[in-house]
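Student: Sequence:
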Amino acid sequence: MAKLTSKQRNKLPKSDFGLPGKEKYPMPDKAHAANAKARATQMVKKGKLSSSSKAKIDAKANRILDKGKRGAKG
Numbered sequence: 002m003a004k005l006t007s008k009q010r011n012k013l014p015k016s017d018f019g020l021p022g023k024e025k026y027p028m029p030d031k032a033h034a035a036n037a038k039a040r041a042t043q044m045v046k047k048g049k050l051s052s053s054s055k056a057k058i059d060a061k062a063n064r065i066l067d068k069g070k071r072g073a074k075g
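75 is the number that our numbering gives the last residue of the sequence shown; the numbers go up by one with no jumps.
Take the hints with a grain of salt, since some may be wrong.
[To be verified] Cross-link-like lysine to aspartate or glutamate pairs, in silico, DMTMM-like; alpha carbons within 25 Å at most:
no. : residue 1 : residue 2
1   : K25       : D59
2   : K31       : D59
3   : K4        : D30
4   : K57       : D17
5   : K8        : E24
6   : K46       : E24
7   : K15       : D67
8   : K68       : D17
9   : K55       : D67
10  : K31       : D17
11  : K68       : E24
Derived from the structure by calculation, the hints contain no laboratory data.
Computed from a prediction, not measured in an experiment: that's the story for all the values here.
Sequences and hints are given; from them, build the entire structure.
Tutor: Next comes the structure, spelled out in structure tokens:
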């Protein structure tokens, strides 16, 4: 996963975040999307993230991770 600097993170549109209102869980690429899912799972287990917020993060990450897979089949 490429390092995401503060400058790069600040330039990301809100739509690139798993929780856009809080600008948390940045997902500019597939590697960050997979990482966001893992971190969200950890935060739910620690009681620091709600299940509904995790579901939003997972849905966003899944959309990013699934991009391009449809054309690869058959």
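Student: A separate judgement is required for each hint: does it hold in the structure or not?
Tutor: Verification of the hints:
A C-alpha spacing of about 13 Å is found between K25 and D59, which places the hinted pair at or below 25 Å, so the restraint holds. For the hint pairing K31 with D59, the CA-to-CA distance comes to about 12 Å; that is within 25 Å, so the pair holds. For the proposed pair K4 and D30, the alpha carbon gap of about 11 Å is at most 25 Å, so the pair holds. A C-alpha spacing of about 12 Å is found between K57 and D17, which places the hinted pair at or below 25 Å, so the restraint holds.
Between K8 and E24 the CA atoms are separated by roughly 14 Å; this keeps the pair inside 25 Å, and the hint holds. Annotation: proposed proximity of K46 to E24 holds, straight-line Cα distance about 21 Å (limit 25 Å). Of the supplied pair hints, the one linking K15 and D67 holds, its CA atoms being roughly 20 Å apart against a limit of 25 Å. Restraint check for K68 and D17: satisfied, since their Cα atoms lie roughly 14 Å apart, inside the 25 Å limit.
Restraint check: the Cα-Cα separation between K55 and D67 comes to about 18 Å, which is no more than 25 Å; the hinted pair holds. Among the hinted pairs, K31 with D17 is consistent with the structure: their alpha-carbon atoms are about 11 Å apart, no more than 25 Å. With a C-alpha separation of about 22 Å, the suggested pair K68 and E24 falls inside the 25 Å cut-off, and the hint holds.
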